[in-house]
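Order-wise, the sequence lines are chains Z and U.
So the first sequence is numbered by my numbering: it starts at 25 and just counts up by one.
So the second sequence is numbered by my numbering: it starts at 4 and just counts up by one.
It is possible that some hints are incorrect.
[Unchecked claim] Which chain U residues face chain Z? A few, computed with CB under 8 Å, are given here:
| no. | residue |
| --- | --- |
| 1 | M18 |
| 2 | R19 |
| 3 | P21 |
| 4 | A28 |
| 5 | H30 |
| 6 | L31 |
| 7 | P54 |
| 8 | C57 |
| 9 | M59 |
[Said to hold, decoys possible] Coverage of chain Z stretches by chain U, computed from C-beta distances (three or more under 8 Å per stretch; other residues unrestricted):
| no. | segment |
| --- | --- |
| 10 | 160-173 |
| 11 | 224-232 |
| 12 | 395-403 |
[Stated by the list, open to error] Here are the computed distance ranges between Cβ atoms for each label pair:
| no. | chain 1 | residue 1 | chain 2 | residue 2 | range |
| --- | --- | --- | --- | --- | --- |
| 13 | U | D61 | Z | S215 | 40 to 46 Å |
| 14 | Z | E170 | U | H30 | 45 to 51 Å |
| 15 | Z | R121 | U | Q8 | 24 to 30 Å |
| 16 | U | R58 | Z | V401 | 20 to 26 Å |
These are calculated hints, taken from the structure and not from any lab test.
Quantities reported herein were computed from a predicted structural model and do not represent experimental measurements.
Here a beta-carbon is modelled for each residue, glycine too, at the ideal position from N, C-alpha and C.
Here is how the chains run, residue by residue.
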Amino acid sequence: MTNASVESGQGHRTELDTASSEPLHPAARQAMLAALDQGYADPRRLHRPGRNARLLLDNARAVVAECLDVRPDEVSFTGSGTEAVHRGLLGLVRGSRRGSAIVHSAVEHAAVRHAVSWGGTAVEVQCDEWGRVHDRDLVQNAIAPEVGVVALQSANHEVGTIQSVGELELPNDVPLFTDACASMGRLPLPSGWSAAAGSAHKWGGPAGVGVLLVRKGARWRNPFPGDDRVDERVAGFENVPAALAAAAALRAVVDERDAVNARQHALVDRIRSAVAVIPDTQVVGDSVDRLPHLVTFSFLYVDGEALVDALDRRGFGVASGSACAASTLEPSAVLAAMRVLTHGNVRLSLTRDTTEAEVDRFLGVLPGVVADLRAEVGM
Amino acid sequence: MSGHQVDLELDCREMRCPMPVIELAQHLEDVEVGGTIGVAATDVAARVDVPAWCRMRDQEYVGERVAHDGVPVFVVRRVS
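Whenever a hint applies, use it, and build me the whole structure from the sequences.
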C-alpha cells in the first residue's frame, strides 16, 4: 500500500494536499522503527543506551547538515516547524544590537506573523499579484535604525511562488530570517540567512520535528528559557527516533528530487493549463519560478468549503484558502495580499508518487463539480 | 461617509462568501453602463473579492464607503 493512494470501501482516493502534510516516506518509517528501540534513552547519559541515543541524534544532525549544505553545529531539532520559526526569528530579535522592528512580507506563514506580533514591531512589506516580494521594498524598509531583523520565506506555502532570498542584500548587517518550511528538501536551501526553519512532515518525515538553523557567528540569543541538555538552542527531552526519521526522509527526498521535481513540475503545468480553461477562474502564483508540486486557483461564485466537500466525496483531498473553509473564518492572508479572489479557492499539492492518471482523473471531474456548484446558486 | 450616491445598493449584510459577489454579478445589469452598484457586506472576504471580481469581469472598482450602520459598502461602476 502506498500512503498517497488508498483503496478503500469508497473507491480509489487521491490525496492532493501534501503541502499540509506529506505521507511518511518509507525511509523515515524504517529509520523510526529501528530507532524506537535503539534511541529511547537519554542522550546525555554515559551508559550504553544513552551513548546509542546520542550517536543516533548526532547522526541525524550530520545527515540534515549534509542535505542542507550547512555545518552540523548549525542544526537544531525542535518540536515543530512553528517552534523552529519562533526560535529562529525571535532569537535574532533578541540578539539584535538595533531595535525590535521586524520587516516581513505580507505573505509570510502565520507562524512568522504570530512570532512578529509576540516579540517585535511589525513592518509589513507588500507583494505583487504573483505573491512575489521585491528586494528593494525589503531593503528600503530595513534601513531604519529600529529594524532588528528581516523575515522572508524561501517560497510561499499557499501559492508556491519562490522568493529571491539568496539575492537579498540587506543594509547595515541586518540579519535575515528565512522560513524555508515550504521548500526544505524539495529545493536547495538559499543562502544569505542568519537563521532558517524547516518542518519535517512537509518533506515526508514525521510530524513533531522542526529544523532550526542558526549560522555560525550569527547574533542569535535563545528567546525562551534555556535547558541543560544536548543542544543549548532548544529545550526539552530530545525525540531521537523522530529526528532520525526526519533525517532519513530528508536524505531520500534530496536524492530523489531531480526526478520527482521534473515530474511534478510538468504535472502542475498540465493542471495550470487545464484549470485556466474553466470559465471565470483565476490560477494564481508564479507559473514558472515556483515550488514544483503546488498550484492554487479560485473559481468565481463557488463556495470554497462546498468545493472541498464535493471533491472529497469524489475521492480527492484538497486544501482551500477560502474564508468559509478556514478555522478563523478569515480569507487567506496570502490571497488577500496578492489581491486575488479568495472564495472558491483550491490549493493542490502533489505527493512524490502522484501519477499522471490521477491528475487526469482529477481534471476530468473538476469542471463538472464547479459547474454543479455554480448552478446551485443560479450562476 | 454617508450619502454615498450609488444607483443601486445591494444589502449583503450577514451573507457569507461568495454570496455578496454572486449578488453583485446577478444585479450588474440592473444599472445602465456607467452606473454604480454598492455592495454592503459584513463578510470580510468581500473587501478582497469585490475588487478581484471587477478585474476578472472587466468592471471598474470605485472604492469603499461606509453605510449609516458602519458596514462597508464596496462600490462598482458598470463599464460594459
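Hints, one by one, checked against the model:
Given hint, M18/U at the interface with chain Z, is violated; its Cβ is 11 Å from that chain's nearest Cβ, farther than 8 Å. Given hint, R19/U at the interface with chain Z, holds; its Cβ is 6 Å from that chain's nearest Cβ, closer than 8 Å. The beta carbon of P21/U is positioned within 8 Å of a beta carbon in chain Z (closest approach about 4 Å), and the interface hint is therefore held. The interface hint given for A28/U is met, as the beta carbon of that residue sits about 7 Å from the closest beta carbon of chain Z, less than 8 Å.
Proximity of H30/U to chain Z is violated relative to the hint, the smallest CB-CB distance being about 12 Å (cut-off 8 Å). For the restraint placing L31/U at the interface with chain Z, the shortest Cβ-Cβ distance is roughly 12 Å, beyond the 8 Å limit, so the hint is violated. Checking P54/U against chain Z: minimum C-beta separation of about 7 Å stays under 8 Å; hint holds. The closest approach between the C-beta of C57/U and any C-beta of chain Z is roughly 11 Å, which is over the 8 Å cut-off, so the hint fails.
Here the hint on M59/U is kept, as its CB sits about 6 Å from the closest CB of chain Z, short of 8 Å. Remark: the segment 160-173 of chain Z is not confirmed as covered by chain U, as 0 of its residues place a Cβ nearer than 8 Å to a Cβ of that chain, below the required three. Under a criterion of three residues with beta carbons nearer than 8 Å to beta carbons of chain U, the stated coverage of the segment 224-232 of chain Z fails, only 0 such residues being counted. Counting residues of the segment 395-403 of chain Z whose CB falls under 8 Å from any CB of chain U gives 3; the rule of at least 3 is met.
Between D61/U and S215/Z the CB atoms are about 43 Å apart, so this pair conforms to the stated range of 40 to 46 Å. About 49 Å separates the C-beta atoms of E170/Z and H30/U, a value consistent with the hinted range of 45 to 51 Å. Checking the proposed 24 to 30 Å range against R121/Z and Q8/U shows it is violated: the Cβ atoms sit about 55 Å from each other. Look at R58/U against V401/Z: about 21 Å separates their beta carbons, and that is inside 20 to 26 Å.
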